[in-house]
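Asker: The primary structure of each chain is shown beneath.
There are 2 protein chains.
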Amino acid sequence: LPTLGQAEWQALPEQAPVPADNPMSAAKIELGKTLYFDPRLSSTGTVSCNSCHNVMLGGDDNRDVSMGVHGKTGNRNAPTVWNSAFNASQFWDGRAADLEEQAKGPVTNPVEMAMKDLDTAIEAIRAIPGYEPMFTQAFGPDSVSEDNMARAIAAYERTLITPNSPYDRYVKGDREALTAQQLRGMEAFKQAGCVSCHSGPAFNGADLARDGGGLFMKFPLFTDNPYVERYDFMADQGRAEATGKAADEYMWKVPTLRNVALTAPYFHNGSVKTLDEAVRVMAKTQLNQELSEQQVEDIVAFLGALTGEFPEQSLPRLPGTPGFTIIQ
Amino acid sequence: LPTLGQAEWQALPEQAPVPADNPMSAAKIELGKTLYFDPRLSSTGTVSCNSCHNVMLGGDDNRDVSMGVHGKTGNRNAPTVWNSAFNASQFWDGRAADLEEQAKGPVTNPVEMAMKDLDTAIEAIRAIPGYEPMFTQAFGPDSVSEDNMARAIAAYERTLITPNSPYDRYVKGDREALTAQQLRGMEAFKQAGCVSCHSGPAFNGADLARDGGGLFMKFPLFTDNPYVERYDFMADQGRAEATGKAADEYMWKVPTLRNVALTAPYFHNGSVKTLDEAVRVMAKTQLNQELSEQQVEDIVAFLGALTGEFPEQSLPRLPGTPGFTIIQ
Ligand code: HEC
Ligand code: HEC
Ligand code: HEC
Ligand code: HEC
Ligand SMILES: [Ca+2]
Ligand SMILES: [Ca+2]
Ligand SMILES: [Ca+2]
Ligand SMILES: [Mg+2]
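Taken in order, these protein sequences are the chains called A and B. Residues in the first sequence are numbered consecutively from 2, following my numbering. Residues in the second sequence are numbered consecutively from 2, following my numbering.
One thing to keep in mind: the hints can contain errors.
Since the list gives no way to pick out one identical chain from another, each pair is judged satisfied if it fits inside one copy or across any two copies.
Once the Cα atoms are required to be at most 25 Å apart in a straight line, the calculated DMTMM-like pairs of lysine to aspartate or glutamate come out as [stated by the list, open to error]:
(1) 274 with 133
(2) 191 with 291
(3) 274 with 120
If you're looking for bench data, these hints aren't it; they were derived computationally from the structure.
The shape of chain A in the complex, shown without the other chains (with noise of 0.2 Å):
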């Protein structure tokens, strides 16, 4: 049975680390999760955060590159949003330092959300009356702007928090809450050196960052195997395609594997279908392992218990247009 007690096996905290300079209130997550949710903030009104992160499912849209106006398809697979909060950066290359930078991105980005720039998307909110009020209510009186814009969706997405997995109920002392299988592959996790990685309350190495920039490792960092060309993995070159620097050259952020089972498919380009083929790939190319079948299956078994509880939340109200739409 692995052994607990150890670094490397802690459970999700309940709560996400919050930046000094945006403090939670209920007002701000309001305004965060309107905003997330509202379709108006794309240059069809058909596309919102939660189009492409859909928080009814695993926080992604189950696609292998996300589609955004016009069927529009860029050439990256959607993270989950849920525990994004653990992220020591944002994107699968870090390019983003937090939440707050990451969320000005997709509303101009013109395969995502599509407004021609910032300005018209603060046009947009401002022309929605409802609003103001909501902005007033988070960030004081003339609060409309792009920054207060992202620090609510960050504070909304700081809540987005999925505790209470099978294995955070073990690691807290629940010897029942994992299966004899679960709990075989927890070992074969820890063994083959996943953990070396995938480390910490998130499996996303946050705790191993040094930089603050997060955990970044090469991938494919074995390339002499058959997986690297069947899918694709040298096209995109990682954080060196964001920094010009050599050195970033196939360096990526280590992703999160809280939920995994249910953000299908995988890799940053989407391009692997299935979770026991995602954990073929990974001892091959990360490790240049072969693992059994039973093996692969013991660990997927492992990977599903770190599915936690979605916390029930209500719909939104969109604030309204009377008489009117902002919809070109």
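Since chain A is already given, all that's left is putting chain B with the ligands on it; use the hints.
Answerer: Showing chain B with the ligands alone in chain A's frame:
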């Protein structure tokens, strides 16, 4: 002041009529809500009923014509689902007899959810393990079928009622519920003759429907005015497009005016952007009248009093696909 106690001023019932062959149950409503929000019922995995009939908004999408998978558009505006249970028939042209019949249409409509056929949609539902037990709870064992999918969605839609609008409170005796302007508008709405079509508790003439098929009226009735060309009102022949009968040319179901302030743009083609212009159009095309600007504003204020209370709802959790995705 408008005379009360007359048949034409009726409050919205708190319950919608329920057909004998589809009784309501908590399990059925929950299943229906889950299906209603599930984008995996579309070919791309991105479009749910709620995409076009957003219950967080006015039950529509605030677009001129709706946008389905791959950004495709049809030629009709999305009507609200709120209070659609009070319609005597469904669609602008009433071509579906009830909500059950209606619910099977969008899933396979190529510009909406675009599933190849209903069997494909049912296969998708079967491939999501969590749905089977929900169907069993709602309909008994072995009950995953297109009819039950439609029944569940219809049951959920029958809960989408917005009571207690200022108008309802006024009709029920609260003399303070309407402003002086709204009362003038109510009187003007009656005097102008709007009530001859927009009658009954939902202002959709359902009470006048003779054959269970809703109240159908010609639109435009008077064509000798600039609006007809400006807004392209003769391009779509309405009910005749579905029935092929000359008698149905330009016949349209009288739509509800409940929450109409939230459902811009207006008319079957979504060509009129504002409610004040919609009122001007109606007066001219249906009654051959020119209203004064004061009358228009008063009627708009009255129509604003038809915005009801939106019951708080919890976000459904969509059942997951552990370790795989059903989206191609
Ligand atoms: C059309 C799809 C789409 C929309 C809309 C969208 N996203 Fe994303 N999101 C993505 C994709 C794809 C990525 C990964 C991109 C990358 O890493 O280069 C991503 C990344 C993220 C991340 C980083 C998560 C992590 O683990 O690194 C967060 C947080 C996030 N999005 C939140 C949002 C918010 C908030 C909105 C709305 C303001 C939004 N997204 C709108 C597709 C979308
Ligand atoms: C050397 C670092 C490293 C090791 C060791 C490692 N991983 Fe990973 N893992 C990563 C990185 C980086 C990614 C993201 C790769 C990408 O998509 O670009 C990842 C992605 C994943 C994913 C896909 C996550 C998603 O949301 O798509 C799974 C599942 C996973 N790892 C499981 C494992 C398992 C199981 C092991 C051990 C057999 C393991 N990892 C070992 C670094 C590592
Ligand atoms: C891509 C947009 C889109 C999607 C998705 C969509 N609808 Fe619709 N819906 C429309 C449009 C447009 C109409 C009007 C079509 C017409 O009248 O010819 C309509 C009509 C209706 C009506 C009739 C309302 C009335 O007042 O007559 C109901 C009820 C309805 N839809 C419910 C649903 C349900 C349930 C789903 C999912 C199973 C759904 N819709 C999916 C766009 C959409
Ligand atoms: C002779 C019947 C008739 C009369 C009289 C009538 N209406 Fe209508 N009304 C309709 C029909 C039919 C439609 C739907 C037309 C279409 O879009 O195809 C409609 C649509 C509307 C709409 C747009 C609803 C929407 O959701 O797009 C509004 C607003 C409206 N009517 C208000 C009024 C007002 C105000 C009056 C009086 C000034 C009035 N109506 C008189 C039959 C009538
Ligand atoms: Ca940081
Ligand atoms: Ca994924
Ligand atoms: Ca409309
Ligand atoms: Mg019937």
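Asker: All the hints need checking, so say for each whether the structure fits it.
Answerer: Tested hints:
no.: 1; hint: 274 with 133; in the structure: between (43 Å within a copy, 23 Å between copies)
no.: 2; hint: 191 with 291; in the structure: within (15 Å within a copy, 79 Å between copies)
no.: 3; hint: 274 with 120; in the structure: between (38 Å within a copy, 23 Å between copies)
Hint compliance for this structure: every hint is met.
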